[in-house]
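Peer 1: The lines below spell out each chain.
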Amino acid sequence: MKAFLGAVLALIVICVGANLALTNAGFSSADMTSDSNVRLGD
Amino acid sequence: MAFLRILLPLVFIASFAGLTAAQDASGDPMVTEPGKQTLEDILARQRGEDVPFGAQVPLPETRAGAPTADQLGTLGGASDPTLWREIRANEGTAVVASNKGPAAKVLMQEGGMWWLNFREGPLLTYGGALLGITVLLLAIFFLIRGRIKIEHGRAGITIERFKWIERFGHWLIAGSFILLGLTGLIQLAGRKLLIPTFGHEAFSTFAIAGKWVHNNVSWAFMLGLVMVFVMWIAHNLPDRTDINWILKGGGIFGKGHPPAKKFNAGQKLIFWSVIILGTSISVSGLSLLFPFEINMFGPTFAKLNDMGLPQLLGFGPIEAALTPQEEMQYAQLWHAIVSFVLMAVIIAHIYIGTLGMEGAFEAMGSGDVDLEWAREHHSIWADEVVAEQSKAAPATHPAE
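Protein chains in written order, with my numbering: chain A, 1 to 42; chain B, 1 to 400.
Be careful, since some hints might not be right.
Pairs of lysine to any residue, SDA-like flavour, derived with a Cα cap of 20 Å [to be verified]:
hint	chain 1	residue 1	chain 2	residue 2
1	B	Lys261	B	Pro238
2	A	Lys2	B	Ile165
3	B	Lys262	B	Trp164
4	A	Lys2	B	Gly367
5	A	Lys2	B	Gly359
6	A	Lys2	B	Trp164
7	A	Lys2	B	Gly365
8	B	Lys211	A	Leu20
9	A	Lys2	B	Thr82
10	B	Lys211	A	Val8
11	B	Lys105	A	Ser36
12	A	Lys2	B	Ile159
13	A	Lys2	B	Leu223
14	B	Lys163	A	Leu9
15	B	Lys163	A	Phe4
16	B	Lys163	A	Met1
17	B	Lys211	A	Asn19
18	A	Lys2	B	Thr158
19	B	Lys211	A	Ala25
20	A	Lys2	B	Glu160
21	B	Lys248	B	Ser379
22	B	Lys211	A	Asn24
23	B	Lys105	B	Thr82
24	B	Lys211	A	Val13
25	B	Lys211	B	Leu289
26	B	Lys211	A	Gly26
27	B	Lys105	A	Val8
28	B	Lys211	A	Val16
29	B	Lys211	A	Thr23
30	B	Lys261	B	Tyr126
31	A	Lys2	B	Gly353
32	A	Lys2	B	Glu166
33	A	Lys2	B	Met364
34	A	Lys2	B	Ser366
35	B	Lys211	A	Ala30
36	A	Lys2	B	Lys211
37	B	Lys192	B	Tyr126
38	B	Lys268	B	Ile352
39	B	Lys163	A	Val16
40	B	Lys105	A	Ala30
Hints were generated in silico from the structure; no laboratory data involved.
Isolated chain B (complex conformation) (with noise of 0.2 Å):
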């Protein structure tokens, strides 16, 4: 019996020394991997050869991995599935930091590389599109309507369109739109389109100040977004005469202008998009001034699943697990494809209220507009203003 306690673990030994002795084989270079087939085989199979399962098939080379002897080797049959496992699902105690932060633990995250792609790939190349063709059919218009003349020329009589808190509102959301649109555009399109033309450290300059100016004016944007919505609110609201507007198409094209009050049909779609998109991209713009405390994805993705809109759309439940760093890219596209569209409504805004109409600037330029302008382009509220003026002129001046 006391030799046999000594016999079986030598036999227990020698069987790991065989173990060991055929992974150090796999730097030979004709190593065979058990059990695996090529397309010969299924082939030979399918014409009723007789290839027996499990055939010894040589690896090449280089996919024999390092020797387990060497430092950096592989673990072969000793790896260990289960702490990789872990490390790919951000769980477990496989990984320990010392810092803080949410992302600390995350070694791997899958999302990255398709974030990244689609950023520089499909984002840039369809957003800049929309950009550019925005700006081309405004081209095509302008040549073909040309600019909007006040029909019947001015009246030379101004009355006061906008108070000065309401154009300090709109050129601060204006502004602060212009400077986020632009260094907005530097920090996406940096990468592809400004390092190879500029240069690593012409692109550094610009992208360290037009980050600095991007997350600090995002404020004076939001503080813009509220005073506008405030004070426009009322006057925004749909309404009757809308309907007539849209119908006629604005009066753009031919003669005559359909009634409007203090803002038409128009315009109240600009308010809106303003308001509505603005608001998106200010509360993913919060999400990323502020890493990691905002999570708006994942819970969403759960609400759509739980409602069941993807699968009605032919689609499978969306990944609403995120890691810290998904919702994060997630924000950042959202933040930019938003955007986007905003700024091709507003390039829209800026091009009818400069060079596409006469007459329009002013209104937010001294506040004032031509009474001409105004009753043709807004002659219900031109005519509640001219109203109120003669109404009000007995009392402050006195008969004469």
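Bound conformation, chain A alone (with noise of 0.2 Å):
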């Protein structure tokens, strides 16, 4: 039982942590799409 809470413990850090990674990253679809001249939502 302590490995299972264990594992979810690491899947929320682990997902918390990449969604940081990857929304500094600039990999996102509106990243690659777009550059500085557009302005999306502003």
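Make one complex out of these two single chains by using the hints.
Peer 2: Take a look at the structure:
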């Protein structure tokens, strides 16, 4: 049971960490198909 | 001569005026198209009647197109086929885009509708059917065979089957796969099933949350995949015991179980399914996570064409010059198809590890299994563990 809970905890940490890393890496579809001259969301 | 110099340009201009007048006649409900022939013409000609070629056949008004004088009117003879050819083939200088990205200049891509129809149609239908049939077969199997019991009852003594780190790796990949499977199905079935049932707004919330989970949990799945591979590869290499195990059908029906090591042939099949299909899903998933960065299908199709495989099967060469969007579409289809197959395998794995077999869940629950269960299902491994324990016992427990 401890192994299961440990895995759930690791899953949450990896999930949040991956989101932070991916957001900052600039690989989102919006980033890939746009540039500084395109003012999306302004 | 001076007169001719004036007259010739005038004649030249007048010829264009005539052409323009002919184009403007498109406003006429009885527009004609030179050279157009009808079925009646052909049949009449077959009967031997004299029907001149290039007969003026009236066109219905709806086919006439907008007058050239209108803002959105057709260009008629002044149309630029080179421009449209360049736009359609995504080449030349016809399109200039200020934004970056490999797909920025693609205005038309013919694979889009095929992909959308396949995704909503056969993929969802056959994928769903595969999962449904798997559950149905397991239910029938359960009704016929019932729960596989420990034949000689529990020994009351347990031995360690999986260490903490092994169970951690298992639950990491298991938990992430269930989340990925559910959120993946939400994305796939959204337009067809969930929007008509729950409405756009409720589905939007589901879809946004599901996409976030799917994108980010994928890393936990990949880590779990690597862990499971490293920890269990040595125990999952095929050996002679597997042949006997398969020939006896794993002892699923009837009494007695064929001998097996730590993993039997059935478990090895699940292990390699997870590793091979899981890796394929991961690579196609990475291709989708990083749009247009990892192109797998164009080069693969080119290699298949070079090897002559499609030609060998009676098909022509596969189109290998794919637009960036087509690469993504193929990656999505492959990702979903392989995932459906792995989901079916995992449903069967979950069944046998929980409901289907007494004593099996404890292996991944507490990590310790009953000695009798171990002897029945993994006799060679159980004997090894007992022998090791009895060897180690005198050292750890001094003589009484």
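Peer 1: Quickly compare the C-alpha distance for lysine 105(B) and valine 8(A) to 20 Å and report which way the hint goes.
Peer 2: 43 Å, violated
Peer 1: Could you grab the alpha-carbon distance between lysine 2(A) and methionine 364(B) and see if it respects the 20 Å cut-off?
Peer 2: Status holds; Cα separation ~11 Å.
Peer 1: Does the alpha-carbon distance linking lysine 262(B) and tryptophan 164(B) stay inside the 20 Å limit?
Peer 2: Judged against 20 Å, a Cα distance of about 17 Å means the pair holds.
Peer 1: Given the hinted pair lysine 2(A) and glycine 353(B), is their Cα-Cα distance within 20 Å?
Peer 2: Roughly 19 Å between the alpha carbons, so the hint for lysine 2(A) and glycine 353(B) holds.
Peer 1: Run the distance test for lysine 105(B) versus serine 36(A): straight-line Cα separation, threshold 20 Å.
Peer 2: Given pair lysine 105(B), serine 36(A) holds - Cα atoms ~17 Å apart, limit 20 Å.
Peer 1: What's the verdict on lysine 2(A) and glutamate 160(B), does the C-alpha distance respect the 20 Å limit or exceed it?
Peer 2: Holds. Lysine 2(A) to glutamate 160(B) sits at ~15 Å (cutoff 20 Å).
Peer 1: Under the criterion that the straight-line Cα-Cα distance not exceed 20 Å, is the pair lysine 2(A), isoleucine 159(B) satisfied?
Peer 2: 18 Å, holds
Peer 1: Take the C-alpha atoms of lysine 2(A) and threonine 158(B), compute the straight-line distance between them, and say whether it is at most 20 Å.
Peer 2: 18 Å, holds
Peer 1: Next pair to validate is lysine 2(A) with isoleucine 165(B); report whether the Cα-Cα distance is within 20 Å.
Peer 2: 10 Å, holds
Peer 1: Between lysine 211(B) and valine 8(A), is the straight-line Cα distance small enough, at 20 Å or below?
Peer 2: 19 Å, holds
Peer 1: Do the alpha carbons of lysine 2(A) and serine 366(B) lie within 20 Å of each other, as the hint requires?
Peer 2: 9 Å, holds
Peer 1: For the pair supplied as a hint, lysine 211(B) and threonine 23(A), is the alpha-carbon distance within the 20 Å limit?
Peer 2: The hint holds at about 14 Å.
Of the numbered hints listed earlier, those contradicted by the structure are 9, 27, 30, 36 and 39.
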